[in-house]
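K.L.:
Residue numbers (our numbering), protein chains in the order written: chain P, 1079 to 1413; chain C, 317 to 794; chain G, 78 to 404.
Because the hints were derived from the structure by calculation, they are not lab data.
Note that the structure is predicted; figures quoted are calculated from it, not measured.
A virtual CB, placed ideally from N, CA and C, is assigned to each residue, including glycine.
There is no bait here: all hints are sound.
DSBU-like mimics (lysine-lysine), calculated; alpha carbons at most 35 Å apart, straight line:
| hint | chain 1 | residue 1 | chain 2 | residue 2 |
| --- | --- | --- | --- | --- |
| 1 | P | Lys-1254 | P | Lys-1221 |
| 2 | C | Lys-742 | C | Lys-781 |
| 3 | G | Lys-111 | P | Lys-1221 |
| 4 | P | Lys-1254 | G | Lys-111 |
| 5 | C | Lys-742 | C | Lys-779 |
| 6 | C | Lys-509 | G | Lys-330 |
| 7 | G | Lys-393 | C | Lys-509 |
Residues on chain C that point at chain G, a partial pick, calculated with CB under 7 Å:
| hint | residue |
| --- | --- |
| 8 | Thr-480 |
| 9 | Pro-481 |
| 10 | Ala-482 |
| 11 | Met-485 |
| 12 | Gly-501 |
| 13 | Leu-502 |
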Amino acid sequence: MVVASSHAVTRENVDADTLRTLYRHMLRSRVLDERMWVLNRQGRAPFWISGIGHEAIQVAVGMNMEPGRDWLAPYYRDLALTLVLGMTPRDHILSVLAKADDPNSGGRQMPAHYGSRAHNIISTGSPVTTQLLHAAGIALAMKMRGEDSVCVTSIGEGSTSGGDFHEALNFAATHKLAVVFVVENNGYAISVPVEKQMATPNVADRALAYGIPGVSVDGNDVIACYRTARDAVQRARSGLGPTLLEAKLHRLTSHSSDDDQRRYRSADDLAAERAHDCLPHFRSMLEDLGILAPGDAERLRLELVAEVDEATAFAEQAADPLAESALLHVYAEDD
Amino acid sequence: MALTVTMPQLGESVTEGTIARWLKQPGEMVAKYESIAEVVTDKVNAEIPAPAEGSMGEHIAAEGAVVAVGEPICTIETVEQGQTGSAWHQADGEAAAGNGAAAEEPAEQVQPVAPEAAAVQPAAVQAAAAPPAAAEQAPPPVAAAVGAPPATEPGGGGADYHLTPAVRMLVREHEVDLAQVEGTGLGGRISKKDLLDYVQRRDSAGHAPGPAPAAPAPPAPTETPVPAVAVAAEPGARPAPQAAPGEGDTLTPLTPARRAIAEHMVRSRRTAPHAWLMMEVDMSGVARLRGARRAAFEERYGAKLTYLPLVARAVCDALRQFPTLNASWSDDGLIVHRDLNLGIAVALEENLIVPVVRNADRLSVAGLAVAMQDLGDRARSNKLKLDEIQGGTFTLNNTGALGTVLTQAIINQPQAAILAMDAVIKRAVVVDDAIAIRPIMNLGLSFDHRINDGLQATRFLRKVKDLLETIDDTGSLM
Amino acid sequence: MPTKSYLEAIREGMRDEMRRDERVMILGEDVGAKGGVFGTTEGLQAEFGEWRVMDSPLAESCIVGVCIGAALYGMRPIAEIQFQDFILPAVDQIVSEAAKMRYRSNNDWGVPMVLRAPFGGGVHGALYHSQSLEAMFCGVPGLKVVVPSTPYDAKGLLISAMRDPDPVLYFEHKRAYRSIKGEVPDEEYTVPLGSAAVVREGRDIAIFSFGMVVHMALEAAERIAADGFECEVVDLRSLRPLDRAAIVSSARKCGKVMVAQEANLAVSIASEVAAIVAEECFEYLDAPVMRIGGPEIPAMPFAHALEDFYLITPDKLEAALRTLAAY
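Hey, can you work out the whole structure from these sequences and the hints?
P.N.:
Structural data, given as structure tokens:
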């Protein structure tokens, strides 16, 4: 296992434009995510499950993928990752409001069950971990077709306890498939802390068992995440096989809108958690490095909020699915 | 979850019961094992306990309704989770019971058929007595077995036939007069094939009724009434020839008791090869004892000192010496019973009951007299409890009380023998080469020749005779 | 027309389609070098290579999940589960994922895969190599389930399955592999999914069945024909969807219905067929619907006597038919 982190100034590893783009993507996701919580608390969106705190690794990974060529098998916190790959705030608010034009599922699935063929994001259901095998299968087909595309798949650390995690890593490793397994380790599977989830301190340690590299990275260190993701994707693309990439990060919200983490985490613990927010840290760093000028961040936020406002208004006017449409698409011939 | 409660089997040969009184009304809470209804059968009165905790649902059978064993009587709304299977378990239980009865059926694969077939077997037996009514009672398939009992046949053109939907449809289509159609289906019902065959014949013969197809002997008034002993060993067998009422005759419907007795007698005769032997017993000593002690006995014990307890005492002693007469047959071996539960046959107006004195060998003459009088009284007033008519290992039949002198009784299954004691009658006998007058009682022993040969049976009967003829008329009756 | 065994027909179906369509691939345990534990894929790896006929790790969820992924990417995978008894670890992938993929994505994604597995007993396979578990999948919208009983249907149904845009479970009765032979054209042809076949015409009793039991039903039908009862034997072939029209047609025609299967009786295909008959043929029924199936024990045991106790046989069917005929 390799622990990667950035040291001091890293500008020479990642250029300024990339850094700004990284920040923009993270902020865009954050603004949209916050809006989702507002819609939920206002009673307009019955359910939301958030990626606040996860933005860094997701954006880092997403920016190392080639849209239109690489595939994603995500999990429910991957809002930022889907935005990087081309989904929009409109798409996501349509989904949360269960509108007919929701690109994920036409209002059939709960929010955050991402899927969009146009963006090579496969449809995901509620059973966790199953998508890892799908990623392996996608990568197998890519290899059989002789393509150098990559399939990225992500999960929380809880999923690494499941059988499909083992079966997927085993298969992908055995056949040297172009998969990047991203584990967004925020220390909690709903209320179950990581010490009740596994005996290994790092998920990345498990990679040894499959004969593949395992890398653990500080999920708040955007640049370290970016470099690590780049290495893993390149490794996969060049036919060297999968990587287990663990990002240790912080879940700054409850598990979902149906959860209240104050019931199982102390106030001090939660306060400490909030101090680890990747976004303000990154902003500070960029402002310190002069990559963001004073006022840039605020202006950017206003711009992004305006985008989300427009998306909200748009989605709220959109049509609901027709009741009879419930019968469609069980099989292809129902079309 | 609604749990369906069915009429339990309240005794070996009981086939149905009447709901005398509901003890729980719909909505009332019911504890497990709490009594929910009073039921009257031809043998006993009993109370049905609730199989589960909950509240009474609906009364499927009303008070006064006669319900066959296994048919639903009510529902109970249970509080437990996972009771969905209970209806299936009931059905399984019925299916299992059905399987048990349908032992000839080839395989348990035929499970869903078995209860129907099993139910059809006795129905076929009953069908010999009353075909249309019995066939109507054929239960629905297991899949619906837990539901309500089959509805009575609607209309049906006034005929008592069991008409399936297919047959009804064809009757309408072809304008058939059902009275013209011969039924070859189960219980004599008209099947679709029968109807189609009839129509084909009718139409090709220009609507004249064709010759009846080869069928079981149809009811014919001039036939000599044949006892209704049906040989319906397999389902689908043609009912045997039987008697039918002629002009002026009355047809009395069979009571459950009569059916039960008939079934038992047929089975007993068919199962056990009956052999019979008789001995004459000189009852002088017994008569003397009885004469001397009767009054005091009655006063002291409140029970009459008839010949019965005296003979019973002798029988018990003899059975202890010849235990194979206190046994049952099984393919694995003779089951010699540890306990000696003596059944005393009681003849009622419409019924024959055999209350059982449990562990009769532990009772003295007085004990036997008291017990037997009590049982007899309660048998006549229909107040016997279930365990008082079950578990007998030997039966004593006091036919002599009514005046018979020679009786060949039928063995009470699954016992090894039954002893009939006939009337004590003064006869002229030869004693020491001279004529004397003695009170003589004949003892007739019917025994199952599988279990005992003549030797054992004779020795046993001889023992009874000796005990009675050498009775100590000064001895204690305690 | 050449005669081939049931197994040969299956192999031929796969081989020919793999020649025509390079998207078709097979993933399963022992399918490659060994050619399958029954020999069903013998020769295929030699012809198509190690990637298109791949030996998988011993992990059923993996086999199905990987095939789902490959199907999402545009392949036409055939997942082979070595014995239907071992399909259970893959149920999450089959039911949660493959079955629901099209519906949950609002037709954005679909899973055009075939899952093949041998099922059924009478081969001394005991509790875990003899089961008939097809019913558990037949109530899942999004899946299709077929069971061929003849070599002709085996090849034709398999080709249809491989061309179907949705997941098809294709169950092969393992006792049929070498024991059932029949005429199978060398050319390409299909048998449509969702269609039953009347394999014997009659008018007195309609027998609905599938798999090996179809052959037993035919034999039992011959026996009672001698006594004037003509059975119509219907091979269901497709268990999901059931050919409702065929069931209704034959049931109405005959009036007496038997549904026979090797699987345990409770909550089975026979239950569903009986329900359809009850719903749509009530006025035409001349007897209660009779169902024949395995007894209420978990599966068929190993010892001869115990296995025979479980199995459906022509004798048992004949006895049941006579009972039904006499009603």
